[in-house]
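So the chains spell out like this:
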Amino acid sequence: MVKYIGRRLLYILLSLWLIITATFFLMRLAPGNPFTSEKQLPPEIKANLLAHYGLDQPWYAQYGDYLLKVLQWDFGPSFKYKSQTVNDLINTGFPVSLVLGLEAIFLALAVGVILGVIAALKHNRWQDYTAMIIAVAGISVPSFIMATVLQYVLAIKFGIFPVARWGTFMHTVLPAIALASTPTAFIARLTRSSMLEVLSNDYIKTAKAKGLSEFMITIKHTLRNALLPVVSYMGPLSAGVITGSFVIERIFGIPGLGSHFVVSIGNRDYTVIMGVTVFYSIILLFSVLLVDILYGLIDPRIKLGRGKKGA
Amino acid sequence: MEKLLEVKDLCVSFGTHGGEVQAVRGISFDLYKGETLAIVGESGSGKSVASQTIMKLIPMPPGKITNGEILFDGDDLVKKTDKQMEKVRGKDISMIFQDPMTSLNPTMKIGPQIMEVLKKHQKLSGSVAKERTIELLRLVGIPMPEKRINQYAHEFSGGMRQRAMIAIALAANPRLLIADEPTTALDVTIQSQILELIKDLQQKIGMSVIFITHDLGVVANVADRVAVMYAGQIVEVGTVDEIFYDPRHPYTWGLLASMPSLDMTDKAELLDIPGTPPDLTNPPKGDAFAPRNRYALAIDFEEEPPMFQVSETHYAKTWLLHPDAPKVELPEQVKRRVRKLAASFDKPVLAEGEA
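Chains as they are written, first to last, in our numbering: chain U, 1 to 311; chain W, 312 to 666.
Excised from the complex, chain U in its bound form (with noise of 0.2 Å):
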């Protein structure tokens, strides 16, 4: 076990690598730099911001000195933000971040099994149809449409929640439900058609030949089977769940990561983007290293750690 965590930590760390380089070049590569926008600025002064930054050393020197500081955890000074580093920033706005897509992974993980259960278990009734509408509901109508209809029918008219803004619980609901919408759909469809597969399983048969109710047959013998695939979108889930705050932080006004992110991108923030992409993706390759833990756990078949070898 120690040493199959080892080894993905090092295929994180190579990941990463790779990560950063592409980032790195894929910046460099397109058109403009930070000053851009700012037509008038006389040569002098622009030389003297490019030399501040390091933007006039050559390439290899400005990689081989971005990966040091990475390594470092140090991720550069902002160049918009002025006197913020982008370390600043991510310590600032990834705890709001966290929270919010903490909550739309719970919210999703919660509705969409229990309506993906319900559907299974009433297969081809109305609850089946009517949870499926609901999730191809949810699967169609992007989360930003979704938000501004929370806004207006739960914010504006009924005046339950506030409109944007971050602050208390209930500033975190609205967000929360427009980023969890289409996850809950697709565990809700995932659970519903692992379920239906397992609930076919000889097993089943055999649960149901000992006698047992149907609700013991579902918690005890259908569920846990039928959640592996559940767990294992758990990954993407994370990805999604964090792209998807990019948009939905923006229409809420969060202060979240995910805002930094969009404003860096048009505002060739260099840093921020490189910055946020990096730490991104060290949260995303540990859900996944994360996932990968809980699989073996949840599933004995899958034994961690042994190699192809044959252990």
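Careful: at least some of the hints might be erroneous.
[To be verified] Here are the computed lysine-lysine pairs in the DSS-like style, where the Cα-Cα straight-line distance is at most 27 Å:
hint, chain 1, residue 1, chain 2, residue 2
1, W, K390, U, K122
2, U, K220, W, K458
3, W, K402, W, K420
4, W, K394, U, K220
5, U, K122, W, K391
6, U, K303, W, K458
7, W, K420, U, K303
8, U, K220, W, K398
9, U, K122, W, K398
10, U, K220, W, K391
11, W, K510, W, K314
[What the hints assert, rightly or not] Covered stretches of chain W (chain U as the covering partner; in silico rule of three or more C-beta atoms under 8 Å from a C-beta of chain U):
hint, region
12, 389-403
13, 497-511
[To be verified] Which residues of chain U face chain W? A few of them, derived with a C-beta cut under 10 Å, are:
hint, residue
14, N201
15, T206
16, A209
Just so you know, the hints here were simulated from the structure itself, not pulled from any lab data.
Computed from a predicted model, the values in this text were never measured in an experiment.
For every residue, glycine included, the Cβ atom is placed at its ideal position computed from N, Cα and C.
Please arrange chain W on chain U, whose structure you already have, making use of the hints.
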């Protein structure tokens, strides 16, 4: 002998997109206490559906019991609700399935899978149930049961899994065990071990067994009586001797003639039954076996044959037993085994709707 189970004119059908499939079309049979009845027939003959209907394990819908009674100890199981059936399943009637690879839960340890039954039906507490589980595993011949209860199904071999399934089935001392092709997925040496185990435990516990198989070798080994099913009906039923040494139905002849035996000469060929079973969405008029039957009479295509009684225990559903039917030459492979059985009537008589 006392009857444990009486199935009367049972009909089961399944609603599908292509129409209603009549999987079981009016079967009747009795099962006595302590007896083993084998139900044989090819795939799709309705033998599995019939047996799963006894426990009401077929999914309803799309499955439906359209007619008949299943009297277990005098109680009609057809009328019971699902909640009432939970008290019968696993306690009075248990079942083991064909494929031990898939009939155990892969993410649950073997011990708890057996303990579930004990907790449900015998209301045993955790530690007592565990003791009893170890005892059961030892009974079915699983070595080191204390260690085995903490293992998962994938850590068991096929034969060991089937033993564990038998332990689950026998946990609450059922009065009827339905074994649905329990040895089909196992290799031959393991097969005979499992058959011996079932026979042995049957004697210890004194339960009745319904043994579903398409392997006539297995039938000869375990059964007291045999029912031959074709296209959702029982076409012949009798004691093992009657079915093996004095078969009367052409379908049974076909089955026997297609079974290899050790004393066969090199020249003797196995006979196959040509064609495939009929589509039970629209069961054919007359005898369902007629199109594949080389002995078919003209009337077979017109009218369904009634059940004829050949002896006290032997019934067959074929027009060939009618007094006016022509004498036919049996297939060579069957002729060699046929002998005159003392219990047979002089002439077959029409059965009174009972089999």
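* Against the structure, test the hints numbered earlier, and report the numbers of the ones violated in rising order. => Violated: hint 13 alone.
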